[in-house]
Amino acid sequence: MRNALALVATGILVLGIAIGAWIVSRPPVGAGDAIAFEQALTSPTTSGTPSIPPTTTSPPEDRPVGTPDPAASIPQFTVGKYPETRSRIPVTLHIPAIDQDAPIVAAGVDPNGDMEVPDNVNDVAWYRHGPAPGEPGSAVLAAHVDLAGQGPGVFFRLHELEPGSAISIDFDDGNSETYRVEARTLYDKEELPTAVVFSREGPPVLTLITCGGAFDERVKRYDGNVVVYAVPMGDETTS
Amino acid sequence: MRKLIMMAVVFALAMVPGTALAQSGEGTVTVVHGVPDLAVDVYVNGDLTLSDFEYGTVTDPLTLPAGDYDIAIRAAGADAASDPVLAQAVTLPAGANATIEANLDGAGAPVISVWVNDISAIDAGNGRVTVRHTAAAPNVDIVANDGALFSDVPNGAEGVADVPSGDYNVKVTAAGDASTVVTEVAALTIPEGTNVIVYAIGDLEGGSFQLAVQTLAGLQAAPNGVPTGTGGDLGAAMPAWFVAMLAIAGVLIAAGGTAGLQAARRQR
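Listed in order, the protein sequences are those of chains A and G.
In terms of this note's numbering, the first sequence opens at residue 8 and continues consecutively.
In terms of this note's numbering, the second sequence opens at residue -7 and continues consecutively.
Read the hints as simulated data drawn from the structure, not as lab findings.
Where is the CB? At the ideal position from N, CA and C, for every residue including glycine.
Hints are supplied without guarantee of correctness; some may be wrong.
[As the list claims (entries may be wrong)] A few chain A residues facing chain G, derived, Cβ under 8 Å:
#, residue
1, A11
2, L12
3, T17
4, I19
5, V21
6, A25
7, V112
8, G115
9, N119
10, G120
11, D121
12, M122
13, D153
14, I216
15, C218
16, G219
[What the hints assert, rightly or not] A few chain A residues facing chain G, derived, Cβ under 10 Å:
#, residue
17, A16
18, G23
19, I42
20, F44
21, I105
22, A149
23, G160
24, H166
25, E169
26, G171
27, F178
28, F222
[Said to hold, decoys possible] Between beta-carbon pairs, the in silico distance windows are:
#, chain 1, residue 1, chain 2, residue 2, range
29, A, G27, G, I111, 43 to 51 Å
30, G, I111, A, M240, 35 to 43 Å
31, G, P85, A, D106, 32 to 40 Å
32, A, I26, G, A246, 43 to 51 Å
Chain A on its own, in the form it takes in the complex (with noise of 0.2 Å):
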């Protein structure tokens, strides 16, 4: 009797240090490093601020209307053209390390001010606004981890992606790119920096983004993003 009490107990004891176990150790899904690279990404000497770079010419000083100023070194009026377009766009998004291959849609932003993402679980949207792939600045590919109703997307995995993993992306004109993963975390999605994730300038990142982190089952919502950063490899190829 005592022996079966014993058992019991042992039991209960292990089936209370798993759950302990998994509380504490459960590491946020996504959970990564990317400050570094963040921070090489906002740096100056790799990104043009909008803030106006210094000047060495000296303002003109207090003179008589119409006298010229000797010293003036005032650079020419260049006359310029308009608009410019868009040379190509993503249509194409292959993940190998997570087995996905899936359409990328074009999408802007919602009544709410988001980024638009598909209604479609299978679909990858590519930020329009935003530079395309290959291009200067951050473009950006968002997709679902999942949906009520429809399940896991194409992002599921997204969380699993390491430095290393080799993403490519087909193009309209007929060619692909390959990227390189640099860095993966997780942010609150408060604190995602929209700033850095959709920089226009500075060197070509690619950056997918899905959802992460706890959800909230009262108002459906995970209340983290999962971002990866990934770098051109430099290996245009033309299929």
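Please arrange chain G on chain A, whose structure you already have, making use of the hints.
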């Protein structure tokens, strides 16, 4: 979302005579030529900075140190010492984005207009359209995709509105008379994050009326966020070690329970 700013002739940058404001930093200046039939040379502080500038053209923006500038406009090739056709002293504040325009007033006389361009951030997904009436022409209405955008705009005034980015059919009509179309642009592209500034220039009766377009890009804001999941499937799967421990616990409890029951039965 739509804001309408009507201003009488904008001389917000007008000269403070004879003084150089002690300002650090820089401003941005664009020049627009809206006086028909006159190629010009533009002098800034006595230096020739733009030669043989043609009617209807717009320069690229130029970054200049903040401060006072003397703008003088002479007929193309005229002697630098000759009396200018137009002259104006302008103060460029630090951080300002200004357009200096030579254009016709309502009566058809050449003037220099100084405009302050709206370079405040534009919500993600939107562009900005600015319309400036600087032609010798009556008041006009601006109609975009058959909806009124700006109404009863007089010479020297502007309208500014933020609109969803895209192509717009834009008509300039006589004020209050939609049937009298002065000019029509089949597809004016308003790119996201860009202020597209349209100048009506020239002389309507003289036949030189036309539009000139200046664009100021890079005013975009990022979207608020990326909502990409409502399913709650992520992280629902239990790790293998957790499943194994559950199994061990189950076996122990079952074994203990069985043994306990058997012991109890024996004791009866």
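Exercise for the section: Go through the hint on A/G115 and say holds or violated, using the shortest Cβ distance to chain G against 8 Å. Expected result: 5 Å, holds
Problem - Hinted contact A/C218 with chain G - closest CB pair below 8 Å - result: Since chain G brings a Cβ to about 3 Å from A/C218, closer than 8 Å, the hint holds.
Problem - Interface restraint verdict for A/G219 against chain G (beta-carbon cut-off 8 Å) - result: 6 Å, holds
Exercise for the section: With 43 to 51 Å as the target window, see if A/G27 and G/I111 comply at their CB atoms. Expected result: Check failed, 56 Å falls outside 43 to 51 Å.
Practice task
Mind checking the CB of A/G23 against every CB in chain G and telling me if the closest is under 10 Å?
Solution key: 8 Å, holds
Problem - Closest C-beta approach of A/M122 to chain G relative to 8 Å, hint status - result: At 4 Å from the nearest chain G Cβ, A/M122 passes the 8 Å test, so the hint holds.
Practice task
Answer holds if the nearest beta-carbon of chain G is closer than 8 Å to that of A/L12; otherwise answer violated.
Solution key: 6 Å, holds
Exercise for the section: Could you check if A/G171 really has its C-beta closer than 10 Å to a C-beta on chain G? Expected result: A/G171 check fails; min Cβ-Cβ to chain G is 23 Å, beyond 10 Å.
Problem - Agreement of hint A/F178 with chain G interface, Cβ distance less than 10 Å - result: 21 Å, violated
Handout entry: Proposed interface contact between A/V112 and chain G, which counts if any beta carbon pair is under 8 Å
Key = 14 Å, violated
Handout entry: Given hint A/I19 near chain G, where the shortest CB pair must fall under 8 Å
Key = 7 Å, holds
Exercise for the section: Classify the hint on A/D153 as holds or violated, based on whether any CB of chain G lies nearer than 8 Å to its CB. Expected result: 3 Å, holds
The structure does not agree with the numbered hints 7, 19, 20, 21, 25, 26, 27, 29, 31, 32 stated previously, though it agrees with the rest.
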